[in-house]
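Chains as they are written, first to last, in this note's numbering: chain D, 19 to 441; chain R, 1266 to 1651.
Calculated directly from the structure, the hints in this document are not laboratory data. Note that the Cβ used here is the ideal one computed from N, Cα and C, for glycine as well. One or more of the hints may lead you astray.
A partial selection of chain D residues facing chain R, derived with a Cβ cut-off under 8 Å [claimed, not checked]: (1) Val68; (2) Leu112; (3) Arg393.
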Amino acid sequence: MAEPRVLIVGAGLAGLAAAVGLARAGFASLVVDQARAPGGAIHRQPLPGVAAHGLPAQRRRWQNLRAEVTAEGDRIEILCNHRFAGIDADGVALLTGERSRFIRPAAVILATGATERVVPVPGWTLPGVTTVGAIQTQLKTTGEPPAGRVLLAGSGPLLCAAAAELAAAGNPPVAIVEAGRPFRHAADALALPAGYLAEASAHLARLLLARVPIRCGMHLSRIDRHGDTLVARAEGGGRHLDFAVDRIGLHDGIRPNGYGAAGTTVPVALAGDAREALGARAALEDGRRAGAALAARLAGRPVPPDMSPALERERAAQQRLRRIHAHDLGARLVAIGDDTVLCRCENRTAGDLRALGGDPTDRELRLRGRFAMGRCQGRFCGEWVRRLQGDDPADAPLGAVRLPVRPLPLADLIDAGEPDEEN
Amino acid sequence: MARPPDYDVAVLGAGIVGASAAWHLARRGMRVVVIDASGPAAAASGASDGAVSVASKKPGVMARLANRSLAYTRRLAEAGGPLRGVFGDRPSYYLATSPAEEQALGDLVAKIAALGGPARVTADGAKAGPDGVGPSVTRCVALAGEGHMLGYAAVAAYLAQAGVDRLWPVTVEALEADDAGVTVSLTDRNLRVAKVVAALGTSSTALFPGLPVTPRTGQLVVTDRAPPGSLPGPLTAASYLVAKSASPGAPDKPPVVIDPLSTGQFLIGSSREEHGDCARTDFATVRRLAARAAEFWPALRARHVVRIFAGVRAAVSDGLPIVGPLTQSPRVVLATGFEGDGICLSGLMGREVAAMVAGEAVSAGAEADIAALSPARFSRREARAR
Ligand SMILES: Cc1cc2nc3c(=O)[nH]c(=O)nc-3n(C[C@H](O)[C@H](O)[C@H](O)COP(=O)(O)OP(=O)(O)OC[C@H]3O[C@@H](n4cnc5c(N)ncnc54)[C@H](O)[C@@H]3O)c2cc1C
Ligand SMILES: Cc1cc2nc3c(=O)[nH]c(=O)nc-3n(C[C@H](O)[C@H](O)[C@H](O)COP(=O)(O)OP(=O)(O)OC[C@H]3O[C@@H](n4cnc5c(N)ncnc54)[C@H](O)[C@@H]3O)c2cc1C
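Take the sequences, apply the hints, and build the full model.
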């Protein structure tokens, strides 16, 4: 059997940069990604025959990184279409896909990116309502925007970015509903790094041209389906607006997604958005850092600091972005009615949570409330359960996130064979 | 001077055994407080399967007690009882794929006949299993009369009806019994009670260091939902019947139970490992469970694993639970060491413990079997050794 390699989960900016960092220090790695091709959230590759997308500077950044990976030769192996199911207490990692297998890596880097937050509103689970990221993915992989009238709602810079992409693809959204009031924070906005400003103005110019209205200080209070049409009500500042559309994208920021290695014995590191959701520029930088740091740790050399001036800059910029989009999340949550679904996996509502009464323990939230017991293990609903209870969402998810990372086909588990007993 | 008691009884541990005892005590009109270090069903009772089964018990004391508890649990689930809607009746199937396992099924049929109900054999033979059983199954025994309840649901049901005070998260740090009562030391204060029921599961040794109770972990797999009703009752490998009495380990073909939950999900369990780490799970063990389970029920291959978790059973050196008053301090009644059988035995044990606390006789006909569980058996052994 080959020398144990480092397992890197995620072939986005952070994962590939980490692989390069390790390779330059002499460590071989296996990079796994569940997607069809490397790229991650931002450089998601189009299906064959579909034109590449994205701003030229972004495309260049990706091509440069790919060239660095190629230059390392067989020190970096990339395995796509395979999903990391987790690494266990014995240091055995399970990869599933076309050929499911157990491996014993020397260490693991989780470069698994971020997932989107969506504040629950009545109707958010209706067909036709997805995250904004899902609409982007459809656009990036097929080159086609969703058909019909699209509404984007929630909060954060991704709303305008995605709307601009839709406009460029020929189907601008009917409106953006943004809970914050970003245009009232000129001072903060102007203090953003130049790259951010350039990107934002490019997006805004597109939206102006396509006459996409941006309704600030408003949020969706419910979504209903009437026949083939989704009707979304936006409220805020004492008024309301109704939108009749075919597709709704919701988005309230992103949160780190670094799960699956909590109970293991081998060294584990987080890189990119999986460590801290700081965006694409930081992901590249943080991947390089994580690769070099792990190499130092494995070689028994002093480990470099886990922040750099460049990362600090990105963190400051993200904080500024959050201030620009700040709004009263509490007011949105207080308005959540008993019939609002919190946990989509097990169809548990805010009313089910309130029915648990007083001060349920995490065990009771899980066992009696059935929160965090479904397919997502609380990674999506955990924050809202915590917040509705008045607790600090930093504690989310509820209790330990268990293996596997995602629902694991039982057949894949069986077909992976016995983990190698030696080694 | 000892102060008047705050409660008639303090039940330590809000697992299924403590909750059942609390309900039975409260029904006798006693003032009861339930104390738990974390909360209801925080340990084994919230991390287990819920078979209320006599088939899996070792012949003798355990099989007779389980049978009694099964019959009693069925009564507690009748209209007006605390377990109504929690305990459910269903068929159960025991499967063999080898001559040794077929032999074990033969023994099972004899054991069930000797117990005389409520469990009874409804079918026996190569084709006695439900539709969809795998082709390697050579013999199946189908039973009626056994049932299932989820530990946490039973705990919640007992406590909802009991009319008891609850105290959690509060750790009991020490007990001190005297002629007039027991002082229960909590982190921040003391409670004075007339009697104590200690139902602390694997943690019993923290308060009672000499007890021969050791942790034995079991890993379980939970799948996503199939259409409910695709499997009418649990499938149990006949090797499970043997394994319960044999020494633990990780054999190639582990004893496995496939339990269909009311949600349409399946619970596949469970391994036996000699440690007490409920956070430790490993792919090799659950893969062996899954592979064996799919041999019995091939449709499982189409399911997804949503969660792997572990629970810790309280195992006793001689394989019998520890239930009864302490020889030195009879005001303290122990109820622990139920290993893999506590859900099944909890109904009966709650009733008997309440009788002991009240100073009454245990159920007629069960005196000898309950006496066999007394903690005194260890002090006798110690005495002889000295
Ligand atoms: C929906 C969404 C939209 C965004 N849009 C923008 C934008 O417009 N502009 C911008 O600057 N930034 C955007 N970001 C942020 C930007 O994408 C990230 O900062 C950057 O891509 C992070 O890179 P990463 O390598 O850390 O993670 P990612 O690029 O997210 O890569 C993670 C990779 O891990 C893989 N993965 C995850 N789990 C597993 C598993 N269990 N097994 C195998 N593979 C797995 C995924 O398939 C993915 O390829 C967006 C983020 C999200 C979530
Ligand atoms: C994987 C697995 C599968 C199983 N399957 C079955 C089955 O199918 N059928 C069956 O009958 N049984 C089964 N069992 C066994 C059953 O779960 C246990 O026997 C039963 O739950 C034990 O209940 P208990 O109340 O004695 O203890 P526990 O449920 O362990 O409760 C003990 C309680 O005491 C509390 N505690 C501990 N120390 C202190 C302290 N110092 N102060 C205050 N509180 C304290 C704990 O927080 C805990 O809540 C299984 C067990 C496992 C692990």
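Does Val68/D pass the interface hint, meaning its C-beta sits closer than 8 Å to a C-beta of chain R?
-> 30 Å, violated
With 8 Å as the cut and Cβ atoms as the points, is Leu112/D at the interface with chain R?
-> Holds, about 5 Å.
Chain R contact restraint on Arg393/D - CB to CB distance below 8 Å = Status holds, d = 6 Å.
In terms of the numbered hints stated before, the structure departs from hint 1 and from no other.
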